[in-house]
Amino acid sequence: MTDADRVVLVVPARGEYARTVRLAAAELAAGAGMDIDGIDDVRMAVEEAFVFASERVVGEELSFVFVVAPGSVELSVGSLSASPAHPDAPDRGERYARFILESICDSFELIVDDGLCTLRLVKRMV
Amino acid sequence: MWDKVLTRELFRAYRLDGDQVSRDALVEMYLNLAKYLASRFRNRGEPIDDLIQVATIGLIKAIDRFDIEREVEFTTYATPTIVGELKRHFRDKGWAVQVPRRLQELSFKVNQAVDALTQRLQRSPTVPEIGEYLDVTPDEVLEALETFEAYNFVSLESDRTTDGAETFSLLEYIGKDDQLMSVVDDREMLSAVLKDLTPQEQQVLYLRFFEGLTQTEIAQKHGISQMQVSRLLRKTLRVLRENLVPEGVES
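Taken in order, these protein sequences are the chains called A and B.
Converting from the first sequence to my numbering requires adding 76 to each position, the first position being numbered 1.
Converting from the second sequence to my numbering requires adding 132 to each position, the first position being numbered 1.
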């Protein structure tokens with residue numbers, strides 16, 4: 077691994093592909109030198125990001141962009157709809173994802189631009 | 133597709149007069165909804181007839197709980213109830229994928245290795261360290277970590293109850309300014325959301341997300357393995373998510 081590598085994973089927006097993304101994220105976190113606790117946090121964050129993104133997917137696929145450097149893993153998931161698919165609980169899904177991801181990650185952002193949003197999070201080694 | 137006027141009449145007859153014939157008619161009328169929702173889960177290795185049975189149970193629950201005074205269509209209310217029943221069915225089955233015996237055994241060994249190395253190194257181990265300890269590749273270690281959570285090792289081990297966890301109630305520790313309160317509407321909703329979690333699961337949730345302990349620290353504090361903490365947490369988060377956002381996708 078060089079100073080910072082970019083890894084892109086595009087999967088169908090279906091639940092059975094969350095495992096694929098989790099495995100890849102765990103591999104990348106291990107390559108960044110994280111210990112088991114850090115790797116588990118990355119896997120948990122990826123799972124929550126997958127669920128959140130699936131509820132806002134535009135089209136049929138989700139794109140996960142990892143930027144991996146020694147000691148850190150950054151993940152961006154976009155371009156997602158800024159509005160959730162289920163208007164009955166308009167923002168509870170977002171609030172839940174924010175609660176989990178802000179606890180696990182060193183940084184968490186939802187960047188909204190022109191009706192689309194990108195979820196971005198960073199996990200660093202302690 | 134569904135006669136809204138007839139639906140309201142049947143619900144009034146059932147609610148006000150306890151008319152079971154009206155209740156049965158409602159089940160019959162909305163059985164197609166249950167079948168449709170069941171079909172969305174058909175690619176997970178379960179016979180469709182079993183799924184329809186589970187979905188029908190969800191439909192009956194929705195009929196029994198629906199408040200006819202609410203300004204919402206019954207289908208809008210029933211859909212998350214039925215989907216929630218189907219998701220709980222899969223969660224309670226224990227695993228969603230077939231796992232080779234070799235991976236099952238390796239997961240068990242990795243579980244033990246993580247704890248042994250944590251004891252020796254006095255810190256959480258890395259994947260290469262675990263691989264070297266077990267003489268397996270890092271890829272195999274990562275796959276074993278993933279497998280451990282996906283598979284119910286009923287015959288190999290059981291989760292021990294943590295000290296003091298038998299009566300732990302997260303509600304007692306959550307203040308109005310805590311971030312979890314920003315997710316729910318009120319404490320009554322929080323209580324409903326937490327009802328499906330055991331005291332141990334609530335305690336692990338508290339230690340991880342409110343006290344900021346790492347999984348290794350939680351494991352050491354309570355004499356269970358780090359991978360058991362990981363599995364507990366993952367299951368806990370799934371339950372929380374289902375109870376908070378029942379319409380969501382399951383991963």
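Hint data in this document are derived by calculation from the structure and do not stem from the laboratory.
All values derive from a computational prediction rather than experimental measurement.
Some hints could be false.
[Said to hold, decoys possible] Below, in silico cross-link-like pairs of lysine to any residue (SDA-like), each with a Cα-Cα straight-line distance of 25 angstroms or less:
1) B:K367 - A:G91
2) B:K167 - A:S179
3) B:K367 - A:E92
4) B:K353 - A:E137
5) B:K367 - A:R90
6) B:K367 - A:D81
7) B:K241 - B:T208
8) B:K367 - A:E131
9) B:K367 - A:A80
10) B:K367 - B:D310
11) B:K327 - A:R200
12) B:K367 - A:V188
[What the hints assert, rightly or not] Some, not all, of what chain A presents toward chain B, calculated at C-beta under 7 angstroms:
13) E103
14) G169
15) F184
The C-beta atom is built at its ideal place from N, Cα and C for all residues, glycine as well.
- prompt: Can you give the numbers of the hints that this structure goes against, from lowest to highest?
  reply: Of the numbered hints given earlier, those the structure breaks are 2, 4, 6, 7, 9, 11, 12, 15, listed in rising order.
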